[in-house]
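Asks: Below, each chain spelled out in residue letters.
Protein chains: 6
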Amino acid sequence: MQEDQDAVRLRWLNPIGFHTYNQPIAELLESIKQPATEVEVVSLELAASPSHLEYRSYEALMSQGIVASARDADQRGVDAMVIGCFYDPALEDAREISGATTVVAPCQACLGVVAQLANRFSILVGRHKWVEQMQERVRAYGMSDRLASFRSLEMGVDEFQQDHAVTRARILEEAYRAVKQDRAEAIVLGCTLEFGFFQEVQREIGVPVIDAVVAPFKLAEHLAQLKRRFGWTPSRVWSCEPPPEQELQRFGLFQAPPALRGRRF
Amino acid sequence: MQEDQDAVRLRWLNPIGFHTYNQPIAELLESIKQPATEVEVVSLELAASPSHLEYRSYEALMSQGIVASARDADQRGVDAMVIGCFYDPALEDAREISGATTVVAPCQACLGVVAQLANRFSILVGRHKWVEQMQERVRAYGMSDRLASFRSLEMGVDEFQQDHAVTRARILEEAYRAVKQDRAEAIVLGCTLEFGFFQEVQREIGVPVIDAVVAPFKLAEHLAQLKRRFGWTPSRVWSCEPPPEQELQRFGLFQAPPALRGRRF
Amino acid sequence: MQEDQDAVRLRWLNPIGFHTYNQPIAELLESIKQPATEVEVVSLELAASPSHLEYRSYEALMSQGIVASARDADQRGVDAMVIGCFYDPALEDAREISGATTVVAPCQACLGVVAQLANRFSILVGRHKWVEQMQERVRAYGMSDRLASFRSLEMGVDEFQQDHAVTRARILEEAYRAVKQDRAEAIVLGCTLEFGFFQEVQREIGVPVIDAVVAPFKLAEHLAQLKRRFGWTPSRVWSCEPPPEQELQRFGLFQAPPALRGRRF
Amino acid sequence: MQEDQDAVRLRWLNPIGFHTYNQPIAELLESIKQPATEVEVVSLELAASPSHLEYRSYEALMSQGIVASARDADQRGVDAMVIGCFYDPALEDAREISGATTVVAPCQACLGVVAQLANRFSILVGRHKWVEQMQERVRAYGMSDRLASFRSLEMGVDEFQQDHAVTRARILEEAYRAVKQDRAEAIVLGCTLEFGFFQEVQREIGVPVIDAVVAPFKLAEHLAQLKRRFGWTPSRVWSCEPPPEQELQRFGLFQAPPALRGRRF
Amino acid sequence: MQEDQDAVRLRWLNPIGFHTYNQPIAELLESIKQPATEVEVVSLELAASPSHLEYRSYEALMSQGIVASARDADQRGVDAMVIGCFYDPALEDAREISGATTVVAPCQACLGVVAQLANRFSILVGRHKWVEQMQERVRAYGMSDRLASFRSLEMGVDEFQQDHAVTRARILEEAYRAVKQDRAEAIVLGCTLEFGFFQEVQREIGVPVIDAVVAPFKLAEHLAQLKRRFGWTPSRVWSCEPPPEQELQRFGLFQAPPALRGRRF
Amino acid sequence: MQEDQDAVRLRWLNPIGFHTYNQPIAELLESIKQPATEVEVVSLELAASPSHLEYRSYEALMSQGIVASARDADQRGVDAMVIGCFYDPALEDAREISGATTVVAPCQACLGVVAQLANRFSILVGRHKWVEQMQERVRAYGMSDRLASFRSLEMGVDEFQQDHAVTRARILEEAYRAVKQDRAEAIVLGCTLEFGFFQEVQREIGVPVIDAVVAPFKLAEHLAQLKRRFGWTPSRVWSCEPPPEQELQRFGLFQAPPALRGRRF
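Protein chains in written order, with my numbering: chain E, 1 to 265; chain G, 1 to 265; chain R, 1 to 265; chain F, 1 to 265; chain B, 1 to 265; chain Z, 1 to 265.
Careful, some of the hints might be misleading.
Capping the alpha-carbon separation at 25 Å, the derived lysine to any residue pairs in SDA-like fashion look like this [to be verified]: (1) F:180 with G:156; (2) R:129 with G:100; (3) Z:180 with E:152; (4) G:33 with G:19; (5) B:129 with B:99; (6) B:129 with E:139; (7) G:33 with E:152; (8) R:33 with F:129; (9) F:129 with Z:246; (10) G:180 with B:206; (11) F:129 with B:34.
Pair by pair, the computed Cβ-Cβ distance ranges are [unchecked claim]: (12) Z:158 with F:231: 29 to 37 Å; (13) R:27 with F:259: 42 to 50 Å; (14) Z:245 with F:199: 18 to 26 Å.
Rather than coming from a laboratory, the hints here were simulated on the basis of the structure.
Glycine is no exception: its CB is placed at the ideal position from the N, C-alpha and C atoms.
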């Protein structure tokens with residue numbers, strides 16, 4: 001039955017040891033999921049953690065938790081998991097060990113949507129610091145010829161949800177410049193914490209504005225449905241080969257589930 | 001309400017003046033659509049037409065009907081339309097004039113799925129003739145670094161649905177070689193008329209096999225839902241600007257709906 | 001005898017259903033052809049047609065006439081045919097079915113000349129709308145590393161021949177900026193209807209200015225001579241394979257010559 | 001008058017200090033030039049010289065003579081000069097100082113022809129040694145995506161004109177393999193001294209075979225005519241800026257004409 | 001004084017929680033360092049660890065220790081640190097937080113040497129599994145046009161130092177094939193644990209064979225000397241900006257030195 | 001003994017027939033070499049010569065002397081030679097015939113250093129004229145994605161050492177703009193004659209400033225040591241194959257040593 005096939009299970013992982021955003025993101029996802037979709041929004045339980053991943057060295061601290069969570073997702077029957085950071089941190093690593101769970105990340109997901117709607121796009125980042133690393137991602141996803149510009153809001157990750165009026169004004173301003181000056185035809189919000197603004201900006205600016213929470217979540221739901229119906233699970237040959245289970249046991253790796261905190265709905 | 005938002009309308013266009021495949025493709029799509037999704041499967045009514053698009057000059061004959069159908073889709077409230085040929089013929093042209101209708105095509109859609117499941121893939125084409133043109137598509141979609149190989153089944157488009165045992169055997173043989181010799185990690189079926197085989201081949205070969213009807217259809221359904229819920233419609237600025245309505249009237253272009261034949265469900 | 005070998009036959013196709021420009025282009029070509037060269041300047045006879053191809057969806061309407069004209073050129077012993085639009089519309093399609101006729105297009109022809117005269121160049125387009133599509137052409141022709149800039153005259157195709165003083169002033173202005181600000185070393189006029197201005201601009205600016213009618217026409221004459229003398233006709237194997245004649249008959253395609261209007265000299 | 005405009009003057013430079021091939025190449029060029037075209041075939045007068053340029057270090061010895069010859073060509077009113085070696089040695093250097101003389105080279109010229117006739121091509125070189133350097137040329141000319149293969153005849157430059165039957169047999173063999181195994185759609189002869197074979201091979205193999213003497217010579221004639229008629233001479237701004245005359249005088253460079261030996265017709 | 005400037009301090013990090021290879025690598029480095037160079041060879045102290053990094057998910061477990069070690073190196077006055085794995089794991093992350101310490105990795109270092117000695121090279125990996133990830137590295141380092149091939153020894157990392165005769169024979173065999181069949185001009189050993197074989201293979205095969213321990217270690221020594229003499233330390237602006245110290249304190253990150261085990265000399 | 005292995009012999013070649021800069025460069029190199037390193041700084045003895053290589057046609061005049069000097073270096077037991085011009089003139093040619101001598105050039109050497117210290121860099125050239133040619137070098141070395149900008153000092157080569165205060169001020173000004181406006185993270189001085197300024201600029205600007213004399217010289221020393229210790233000499237197979245000695249004798253090429261003038265220390 002179709003309904004059953006579409007009753008998928010998704011995990012949204014906030015890949016940090018802070019739990020502040022689990023609640024608002026869960027509320028957002030609950031409002032946009034399909035009825036039969038089950039969702040859990042979790043973050044990592046860590047002794048110490050940054051509250052954001054603006055630095056590569058912070059990401060490096062989180063990669064262990066991300067891959068552990070990907071393996072855990074498979075073991076708990078999660079169909080697809082989203083790594084909730086626009087750098088797509090540890091994406092390839094997590095995909096290797098995720099078993100039958102499809103792993104999705106915001107940058108790749110947003111570019112996938114924008115490729116269907118426009119020929120050229122701009123990405124609105126928080127700070128110039130981020131650009132070089134994200135440019136590598138855009139290049140790896142084969143979209144650098146279509147990148148009109150990066151534009152920086154000059155705001156840190158932790159500021160986006162503090163004063164909504166300020167954030168909205170900054171996004172509007174740079175989106176407008178991207179369209180007028182850089183000839184962008186669509187806008188991508190380059191941080192998951194820029195959530196909550198895209199619809200208003202889109203109405204104002206008149207081009208598609210792709211949200212970094214909505215796009216990967218809905219892609220995960222879509223891919224999870226494809227998995228259930230058509231058996232489209234991650235490849236496990238050649239470069240996609242995971243470590244052997246007996247080697248994991250011998251090394252004592254991934255033997256306990258990772259500590260996660262969050263909520264399900 | 002969510003149900004309403006996901007009650008999308010899709011058009012599958014067989015971009016030829018032959019109607020033979022409307023029925024089997026309609027049956028396939030009916031079996032895989034979500035409950036609230038409405039679908040029409042149509043082909044072009046033409047005085048003369050090829051039965052397949054193996055030649056560029058055949059595609060050139062169809063591009064008029066494809067763009068007319070894209071504009072018509074918008075006028076009839078279709079949320080997303082699929083151009084049902086793996087060359088993705090007239091895709092950019094149709095997107096320009098499709099208004100609020102998202103236009104999807106098989107090659108781009110299949111590569112989008114495979115990018116989530118594997119690092120390297122092979123495409124199984126009918127004849128070597130097709131390779132150069134499809135390679136341009138793969139390059140334009142930014143995936144040529146991930147292409148393991150093209151492999152040719154040495155069958156024409158019209159042969160795929162004639163003797164299923166023969167087609168299945170050929171697909172199996174070349175899929176097996178692609179994985180073993182070319183180190184493909186996933187297989188893409190490079191013609192919409194290779195439908196009906198992917199699940200069996202996938203079970204046999206053990207890597208994801210992406211079907212050129214299923215993948216674009218489900219992507220269209222997904223994008224149509226994104227459109228309804230989030231307002232993500234095609235950009236209409238800069239290179240995405242459509243011809244002005246008054247100019248179309250003055251030239252007498254697209255003033256009557258195109259002649260289409262098909263069925264709805 | 002050499003004279004005989006160079007007595008080539010050329011067709012300039014204005015790929016629209018408007019005939020306004022046949023006369024002035026014919027006059028221009030007559031003034032620059034070699035003595036033994038025979039030329040016909042034709043446009044398509046169509047029930048409805050745009051007067052320009054600024055939109056992809058307009059080009060899609062013309063592709064049928066373009067390929068039909070390419071096949072017809074071969075059947076009438078035309079040595080080389082030019083598709084007279086700087087988008088090079090339906091070029092690959094027309095080449096497939098042109099038999100022994102070499103098919104030439106303005107963008108590729110102009111880039112071929114400029115590659116012999118300068119390291120970096122700019123293209124003067126009518127509107128920003130055109131840029132993305134032409135950039136794809138430049139990329140496909142392997143010249144994107146040498147592109148200094150696109151500059152827009154902010155004029156529609158139909159305006160170029162209306163007030164020559166205005167057009168000349170706009171071309172001069174943007175050519176000057178391209179050289180000074182973008183460090184272009186040569187200028188390419190990015191529309192066939194910018195004809196009539198290059199020599200004056202060239203004198204004024206002091207760098208080569210390549211005209212989008214002259215360059216492809218003289219290239220066609222050159223390639224036609226190569227064909228006559230050395231047998232260098234289009235390849236017909238692999239991706240260059242044309243549809244089989246008996247299939248064309250069975251489908252009823254290209255059985256009548258296309259309706260063309262024009263003049264010969 | 002047109003006849004006057006096409007009365008161009010060309011120089012074919014054999015860029016070595018050996019004169020053996022001046023005579024046969026002059027005979028070939030005389031048989032293919034247009035009536036009004038004047039030609040000189042020259043080689044360098046040098047105290048010591050290799051007889052071929054199979055090594056980069058040999059080319060380095062010749063670059064002085066090549067640039068001197070380019071400057072000299074301009075001073076003697078030559079419209080276009082060909083550097084007669086498929087490595088296109090010192091091409092960019094010669095172009096800088098050639099004044100109003102257009103400088104042409106075989107590899108770039110052959111790729112220009114083949115781009116009009118086929119989508120993919122192979123180059124037949126003498127030895128594997130040559131491949132890496134020529135590959136750089138193909139890449140610089142933007143054609144590497146269209147290169148089907150290099151194939152080596154396993155013959156030195158000096159052997160090509162020794163036993164014609166042997167050379168023809170080797171070219172035929174490798175051209176055949178290029179088409180069948182590498183799916184080449186056209187063949188380029190990757191050495192000027194492979195002259196004299198292309199027409200027979202072309203008839204036999206059935207795809208265009210581009211000759212490395214004919215193609216650049218006829219391109220030079222074509223460009224010389226464009227220069228005379230339309231003023232399309234090399235750009236002299238930015239990277240195309242030549243050294244100032246007074247500096248040349250001060251340094252005592254290029255003050256005497258280079259020693260060249262050859263014949264005119 | 002020069003001697004002082006060249007008295008550099010280096011750290012070789014075996015980026016795993018196994019200590020087996022510290023001793024033999026220390027012996028090797030001791031035999032090749034300059035007299036005034038101080039070296040420490042360390043590995044990570046971890047509760048659980050793989051013995052090799054053949055899987056991306058293993059690398060993800062080590063990235064925390066690698067970045068912590070890079071920061072620690074800076075705090076202890078280490079001039080340059082080598083991450084001892086040919087995947088160059090966490091290289092960019094470690095570089096961000098390494099302060100004045102230059103961070104070096106084997107793949108980038110080996111390609112740097114080979115670029116000075118040959119035009120094309122092959123990399124000998126342990127298993128095909130590794131190829132895709134290393135190919136991304138080669139591409140990011142701008143050397144993919146020069147890559148002749150990857151060749152797999154079909155041995156795991158842990159096998160390389162078990163039976164030297166077997167490893168040597170396998171390396172010889174594949175190096176020979178790389179040169180003869182793939183036309184490699186130099187060989188890169190694609191795993192640090194292939195140490196101990198390069199000189200013998202080099203003598204036998206007759207082309208440069210670059211060792212994945214020697215090359216990065218000597219590069220680190222070279223860069224450390226450049227740092228001491230010329231002040232060439234890592235950039236710390238834009239994408240190279242490290243996390244602020246006060247934020248690290250607030251988050252409690254990197255406040256204690258990482259647990260490392262090893263020896264100094 | 002290590003000391004012996006590091007007692008390398010280096011040649012710095014000023015590839016012009018002017019000797020003015022031998023002395024100051026020798027002084028600089030003497031102050032930065034390792035104690036056991038022997039150095040010779042030489043220029044070419046020529047009847048006529050430019051004093052700089054700002055033009056391609058000047059470089060073409062010097063290539064003979066450069067390759068002759070590379071061969072001579074090998075015959076005199078020089079371990080590594082630097083071609084002292086940032087265009088890296090005749091680098092590939094010289095490498096072919098340099099026997100066991102490693103040949104190094106400034107642009108490649110500087111990019112090698114900068115790749116270890118920063119993600120993006122700018123190059124400060126003398127005049128815009130130089131950019132296009134150097135951009136080709138940057139591309140060939142695989143670093144164009146990391147190039148932030150070229151910036152022109154608007155000074156000729158011969159001016160750099162005339163008024164140090166002026167040159168320093170210009171370098172500072174453009175370095176500052178490169179960092180602030182183009183977001184460069186490191187600066188490369190794009191001419192060997194910009195020597196003497198990097199340390200002061202570096203202190204002022206706060207990012208690494210790579211000097212075009214220091215970087216290639218120290219790289220040459222490093223590679224010479226690698227050669228002595230590990231036998232890493234240039235490859236001599238396939239594209240690296242040199243001309244046969246007996247052919248050189250037969251042609252009378254390179255039979256006498258080139259005329260060089262300079263000093264040793």
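Asks: Return the numbers of the hints above that this structure violates; sort them in rising order.
Replies: 5, 7, 8, 10, 11, 14
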